[in-house]
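Chemist: With chain A fixed as given, assemble chain B with the ligand onto it according to the hints.
From first to last, the protein sequence lines stand for chains A and B. Everything in the first sequence is counted per the UniProt record's numbering, starting at 1 for the first residue and increasing by one. Everything in the second sequence is counted per the UniProt record's numbering, starting at 1 for the first residue and increasing by one.
Keep in mind that the hints were calculated from the coordinates and are not lab data. Keep in mind the model is a prediction, meaning the values are calculated, not measured. Even for Gly, the Cβ is constructed at its ideal location relative to N, Cα and C. Some hints could be false.
[Said to hold, decoys possible] Now the stretches of chain B that chain A is said to cover, found in silico as 3 or more residues with beta-carbon under 8 Å:
id	stretch
1	50-59
2	425-436
3	441-447
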Amino acid sequence: MFSSVQRQTARLSHFFPQNARRFQSAAATSSTVNAAEIAHFSRLSSTWWDERGELAMLHRMNPVRVRYIREKLLESTFEDHGEDARREMESRREVLKGMDVLDVGCGGGLLSESLARLGARTLGIDASESNVGIALTHASVDPQLSSSGNSLEYRHASAEQLVKEPKQFDVVCSMEVIEHVDNPLAFLSACAQLVKPGGHLFLSTIARTPLSYFLTILAAEHILREVAVGTHTYSKFIDPSELISFFQSYRPSASSPSTPTDLGDMGSGASPRPWITRTYAHGLPTRLEAEVRGIVYIPWTGEWKLMSRSSTPWGAAQCNYLFWVRRPMDS
Amino acid sequence: MVVFAARRSLARLGCRQRAFLRYFSSEHTRDNDVVIVGGGPAGLALAAALVSNPAAKESLKIVLIEAGDLSKIQDWGMPSDAYSNRVSSITDASQHFLKRIGVWDYVEHARTNPVHQMQVWDGISGARITFDASEIPESSEMARMTENLNLQRALLRKLSDTPNVQVIQSVKVESIEREAGDTNHWPLVHLSNGLTLRARLLVGADGFNSPVRSFAGISSYGWSYDTQAVVATLNHASRGPFQAPNNTAYQRFLPTGPIAFLPLSPGISSLVWSTKPHLATVLSKSSPGVLEQLINAAFRLPETSLQYIYKRLLEGATSSEEIKGEIAFRERSDGISSHSAYASATSMVSKGGIPPDDADALPPLVTSIQPSTIASFPLRYNHAESYLGEGAGSRTVLVGDAAHTVHPLAGQGLNLGLGDVDALSRCIAQALTQGSDIGSYTALMPYARERYFENHKVMSAVDKLHKVYSSTAQPVVWARSVGIEVINELDSVKAALMINAGAGSQLQNASGWDLLAKSIENLAGFTNTSKMIGSTVGAGIQELAKNAGQRIFGRL
Ligand SMILES: Cc1cc2nc3c(=O)[nH]c(=O)nc-3n(C[C@H](O)[C@H](O)[C@H](O)COP(=O)(O)OP(=O)(O)OC[C@H]3O[C@@H](n4cnc5c(N)ncnc54)[C@H](O)[C@@H]3O)c2cc1C
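Just chain A, with the same shape it has in the complex:
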């Protein structure tokens, strides 16, 4: 009764850095959803959980993201409560136990499942119905995720819709989403509003550099044709400095978020203080407020690597990078 299996040959895509970047759909509202993109990703969503398929790169990127989230949360615990508390947290099997975590643009649930396994009360939201369906289906066959001890929930919703509800989160993540939305400023503002005071926001996206154009669009989509043409739009890539400048001037207003026209000109209403108050040489924020870290695919190990803080002023954020910012307790 031992059935045999078709063997898949190694694909070029496994060796090329950015080819399989995100088919995860954009998180969206009526205002920022790009209908064309959602349709595009939904078509591809059945391949979501094929780790050897078109999304291999994405599956491989997940561990480095989770490691980064873990690292930053441990670091913050150290800053807030000292070394003993950090150690205690690190020794726990479920590092995120007791935390409310939101995964905006959860796609098939890759990151949400990992966060739930680490003990977080996790809500994954996505603007694509079919992605939410895939995520639900996938989690439902895993007893660890579907047992009563765990809490993982998915909703077909956008960040902007969630803002209208009273709930805020200890951690808000939105990975490889912002470069797909139509109005990134409104999107960022919505994500920020969903963070509790003292909570964390994690983003990952692509910088607008010649390198990123070459790797993610020219090579991956047009030359190698490993990624469907139209997956990325260069002009939507976002530089780390733009995110930093956003949080230097970001002041949430109690009413609905305004829709500014320029980065850095966001919601300049009255608020105690912005999330980023100081920057140093090269416009770098202090480590306690925000951080930018490049991630790079290493073809010969098949893994994504987190660049060290010191590798360049921008943590080697030449193409893909992770961004973390913390909401001040008193903002």
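Modeler: Chain B with the ligand only, in chain A's frame:
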């Protein structure tokens, strides 16, 4: 509570997801995180390694299934002067691993024996290499001879002290199938006791004929060596007061295969005699009195004389007296003095207790064979094409002999398996800190990457050694002796070889095998060239070739 949330949301979305409702766990189906098939050294060590990690111990539901009766192994015991015939050399790296997972303390140390030195020589040219542990820094022994049962018992005792692993013994895996569903299907393992286990991760530690490997559709590459290994436990005189203790392993490369003498205690050693199947059949059926003489002769007589003895044996000369007569005759015609260590008829230690000069170059004379310890195993080379299943075979991983089988001449099989287990358990522990699904391909990829080529290097080096040394063609034998002598002169290469032989840390191991593989490849290439030169090879050319060889080895 994803299920309930899912139902609500799906209802709201009006989504039709067939697979979603497909899975219900029935009374007879149990969910598990890790299902290990096989309670051999590799499977048991994996279970022990996993529970030595606090996160894995706390969060993983682990089951191990073994067809055999493990309780017999757990209660295994033998008188102190009797030894099992299945013995393995446990390398330094393996020992470190077993210590780290808290198993080494459960091994009965009095029944293990260190190997401080190895003497390896060519059966035809006589060229010899000596490896000595004292030549490598930070290592007192190259390896430790340990009965497989001693190790398995230690693993079982460790596991019974850690009740986190459910061990199901005397139960066979009858079939494995893929759970129905569109996505994320898990393997279902049907057992002979009627139970079905659903596995997040299915581990094939089920030996050479791995049912898990067939289920996963992983093909493997290999061949049978047309060689059997005859094993036995040997009694011999203890080494004299002027000699080193019984800490030397001896191996002579005969064209029929290597014969190895592995020390277990001052007066007891283990035999692994790899030879042609028809000879192995006669050897393993011969009376203990005959076999002991044949073993002594196989370490001592010139190759041509051995061929003659084999011939007589196959012709039916099977009584102890006949064999004794034949050996004595060959010794006389080969001019072996009865005072030499190469003589089998006399005691190696003279009346005054002074051994012959060359005594340390040979194992002590076998005086008897322990009852019911003669057995024979087929030898193979086999390497799975992948350690991870894919597609319909996903969520499966192979370790130990299920992944690779290697010729025992370098004593590596079990050690490679322990290396796999070490890497896999670390990989799983890392995946847990990342919230990964430990059955996923991505989570397991680092394991395969760490082990596949590492094992491949060792396996092909061992395979090439076997092939180079089973040739009797003159130029090959000559090149071999040159090669070996060159190796002997170069301390760095020798140190590398010694690391391979057992000593050294894991990291050192890697470069050691690289070096070994390179030098053997060179030796093999050298051999081909010399074949081309053929019979016209004169002394001058030999000298030239030797210099070339030195350059080759010198570059390493
Ligand atoms: C003569 C000889 C000498 C050797 N010397 C050395 C040495 O010096 N050093 C060294 O490192 N290695 C040595 N080896 C190799 C070593 O013995 C093996 O590599 C090692 O035993 C493999 O362990 P394992 O756990 O992977 O597989 P195995 O020991 O083969 O265990 C597999 C287990 O799976 C079980 N199983 C299989 N199918 C099923 C099923 N359907 N249901 C339930 N259970 C099942 C079997 O009952 C068995 O217990 C030697 C081998 C030989 C033949």
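Chemist: Please verify the coverage claim for the stretch 441-447 of chain B: does it have three or more residues whose C-beta sits within 8 Å of some C-beta in chain A?
Modeler: The restraint on the stretch 441-447 of chain B holds, since 5 of its residues have a Cβ under 8 Å from chain A and three suffice.
Chemist: Holds or violated: the stretch 425-436 of chain B covered by chain A, criterion of 3 or more residues with Cβ-Cβ distance under 8 Å?
Modeler: It holds: at least three residues are needed, and the stretch 425-436 of chain B offers 6 whose Cβ sits within less than 8 Å of chain A.
Chemist: Establish whether the coverage given for the stretch 50-59 of chain B by chain A is satisfied; the threshold is a Cβ-Cβ distance below 8 Å, and no fewer than three residues must meet it.
Modeler: holds (count 4)
In this structure, none of the earlier numbered hints is contradicted; all agree with it.
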